[in-house]
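> Based on the sequences and whatever the hints tell you, model everything.
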Amino acid sequence: MSIDPKAFRQALGNFPTGVTVVTTVDTDGTPRGLTANSFTSVSLDPALVLVCLGKTTASHPVFMEADRFAINILAEDQRDISGLFASKSPDKFSQAAWHPGTTGAPLIAGAVAWFDCTVHQRVDAGDHTILIGQVQDMGQRTARPLGYCQGAYVGFQLQQAAQEALARQARTTALIETPDGVLLSAGPDGLDLPTSGDVAGLLDALKQHGVQASVDFLFAVFDTPTGSRIVYRGRSAHPPKDNALRCIPVAELPRLNLANTALQAMLNRYARERAQDAFGIYIGNQDAGEVRPLATA
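Numbering (UniProt numbering), first residue to last: 1 to 297.
Read the hints as simulated data drawn from the structure, not as lab findings.
Among the hints, a few may not be true.
What the hints assert, rightly or not - The following label-pair restraints were derived from C-beta to C-beta distances: (1) M1 - S94: 42 to 52 Å; (2) T56 - L258: 41 to 51 Å; (3) D127 - G18: 19 to 29 Å; (4) Q95 - G210: 48 to 58 Å; (5) Q276 - Q95: 17 to 27 Å; (6) S94 - R144: 24 to 34 Å; (7) T102 - D192: 57 to 67 Å; (8) A251 - A200: 30 to 40 Å; (9) A200 - A262: 23 to 33 Å.
All figures in this text were calculated on a predicted structure; none of them were measured in a lab.
All C-beta atoms, glycine included, are put in the ideal place defined by N, C-alpha and C.
As structure tokens, then:
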């Protein structure tokens, strides 16, 4: 069986992880680092951890020669650091606060936890190298970690925003994507997103139209003159079985030209962020607010 690399990557993206910056120094002492979420513990005694490094990354040769490295687990407010070390910027360490650890490997300021390691073993594994480190020093602080799943950062702060909106008797809306497109309800006032009083009610309503769906992540939390609105991203493996719901291909969403300008703007944003596979969260009201960008790690 041939496994499609893109589909494989997307399937793996369903496993929520933290976000780390892996750092080392090259032979002339220049700090090097990259963003990675393939990190896990290996052993308690001795204390071993590992991270998987892509062989095509620019700093891979440096990590293959270095005898030390550090793994910095990023905090929820360090999305900019994740984006910086995922970029091709040649001067990453001039834009982030850091200091050398016990081994000399750079430790990123503000990380929720860090592990300063010497290289224990390198394992060749396909298009990656498994880098196993023996922990020589470590530290942690009280903070919320940064999470990553399905192409977007996730965190507790946005969940709290949703809970606050629910306390204001919010309506629940969802952008449900199927293999054929996004589901829109066809009513007397035109197209709209499926809406209910809460998530359970929304999912039950979709089932009545033959749609077995899930809601996964927040897309927007905003206030309207009639109350608060929570919008989730969700998905379904199958299209609806009746005409009460329509599947609109993602690429066609910006061309709908709906009378409801707030809804049209939301669909435009969804199409744009889906194309980039990097979503944000909108916080505000139906007229103005802020989209917090969630760049791919």
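> Which hint numbers doesn't this structure obey?
none
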